[in-house]
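A.B. asks: Single-letter residue listing:
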Amino acid sequence: MAKFTKKGKGGTPAISTASLPDIVFMLLFFFMVTTVMRETDLKIKLKLPEATEIKKLEKKSLVSYIYVGKPKKSLQGIYGTEPRIQLNDVFAKVSDIPDYISSERDKRDEKEVPFMTTSLKVDEETKMGIVTDIKQELRKANALKINYSARKKAE
Amino acid sequence: MARRGTPEVNASSMADIAFLLLVFFLVTTTMDVDSGLSRKLPPPIEDNEEKKDIDIKERNVYVVLLNMNNALLVEGREMKIENLKEGAKEFIENPLNNENLPEKKNKDIDFFGNYPVSKGVISLQNDRGTSYKLYLQVQNELIAAYNELRNEKAMQKWGKKFDDLKKIQKKAIKKIYPQRISEAEPKNIGEN
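Those sequence lines, one after another, are chains X and U.
Residues in the first sequence are numbered from 39 upward in steps of one, following this note's numbering.
Residues in the second sequence are numbered from 4 upward in steps of one, following this note's numbering.
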């Protein structure tokens with residue numbers, strides 16, 4: 039009897055935290071691997087339109103992006119409120135698109151070029167005029183696979 | 004004698020350091036997947052190639068017009084966007100072999116044998132003043148019409164959704180309902 043009373047003197051034993059760093063490191067590595075740092079700084083206001091029939095874009099390395107929309111509030115003083123095209127980090131004109139496409143192509147392997155997609159990220163308030171111009175330029179540049187970026191519609 | 008090794012480094016702050024890094028990556032992570040409507044543009048028109056009007060019978064074309072006031076005109080009549088999908092489905096399928104709806108041509112298709120395939124083409128035209136939001140909605144409805152038809156056919160034949168079919172089965176269904184949405188050369192109406 040005495041044996042038992044002696045043993046149960048000090049409450050619950052402390053849980054060993056020795057493996058805590060390991061667990062945290064595991065999580066850390068997961069997030070490090072999945073993180074994609076934003077490459078481009080958005081200079082435009084971008085609210086994507088909603089759609090239901092959307093498909094995921096595969097092979098992100100083969101996608102080049104064209105952003106269209108009104109300049110952000112802070113930049114409206116310099117660039118005005120008309121919708122503009124953003125390629126990489128700078129505002130561009132419609133006539134810059136063929137150069138952009140060919141520079142994107144140069145970055146990839148030759149045999150990957152036919153699978154390249156251009157993702158059009160266009161703000162929903164934009165008028166079709168500028169989008170039509172972009173599409174015509176893309177046709178001329180022979181970049182025929184496009185993707186109208188959209189959000190999944192909440193049902 | 005006391006053996007003196009190197010004193011042990013206190014590792015209790017290791018967890019804190021790791022947590023700090025973890026929080027940093029948690030905050031910077033953007034898990035958004037890019038998604039959208041995939042379309043294919045028509046190849047550019049060669050300069051030396053004369054622009055010829057391809058002769059398509061009127062009954063085979065489903066004309067969808069979008070004007071600068073964001074109104075929708077389908078086959079000469081105004082239509083609400085909610086009805087567009089049903090309208091397009093009826094046009095493509097032509098269940099009653101209506102005179103005004105597209106003709107069908109029998110084609111040999113795997114699994115289905117000789118099957119009448121609709122010759123219908125959807126022609127989408129928009130103005131420069133049309134809002135992108137509406138344009139995308141219309142595209143979405145038209146694609147939805149095709150997807151629903153394909154799904155229905157897949158259900159009827161194999162009891163599965165189109166996306167769950169095997170590659171050759173998908174190919175057969177795609178042959179029955181080829182996605183033919185043509186976008187006209189842009190026209191300049193009104194201001195530049």
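The set of hints was computed from the structure by calculation and includes no laboratory data.
From the three backbone atoms N, C-alpha and C, an ideal C-beta is built for every residue, glycine too.
Among the clues, some could well be false.
A few chain U residues facing chain X, derived, Cβ under 10 Å [claimed, not checked]:
1. Val12
2. Ser15
3. Ala18
4. Leu44
5. Asn63
6. Val66
7. Lys110
8. Ile112
9. Asp113
10. Phe114
11. Thr133
12. Tyr149
13. Leu152
A.B. asks: All hints are to be evaluated individually against the structure, with a verdict given for each.
C.D. replies: Verification of the supplied hints:
{"no.": "1", "hint": "Val12", "in the structure": "violated, 13 Å"}
{"no.": "2", "hint": "Ser15", "in the structure": "holds, 8 Å"}
{"no.": "3", "hint": "Ala18", "in the structure": "holds, 5 Å"}
{"no.": "4", "hint": "Leu44", "in the structure": "holds, 4 Å"}
{"no.": "5", "hint": "Asn63", "in the structure": "violated, 24 Å"}
{"no.": "6", "hint": "Val66", "in the structure": "violated, 17 Å"}
{"no.": "7", "hint": "Lys110", "in the structure": "violated, 26 Å"}
{"no.": "8", "hint": "Ile112", "in the structure": "violated, 24 Å"}
{"no.": "9", "hint": "Asp113", "in the structure": "violated, 24 Å"}
{"no.": "10", "hint": "Phe114", "in the structure": "violated, 24 Å"}
{"no.": "11", "hint": "Thr133", "in the structure": "holds, 4 Å"}
{"no.": "12", "hint": "Tyr149", "in the structure": "holds, 9 Å"}
{"no.": "13", "hint": "Leu152", "in the structure": "violated, 13 Å"}
Consistency note: the structure conflicts with the earlier hints numbered 1, 5, 6, 7, 8, 9, 10, 13.
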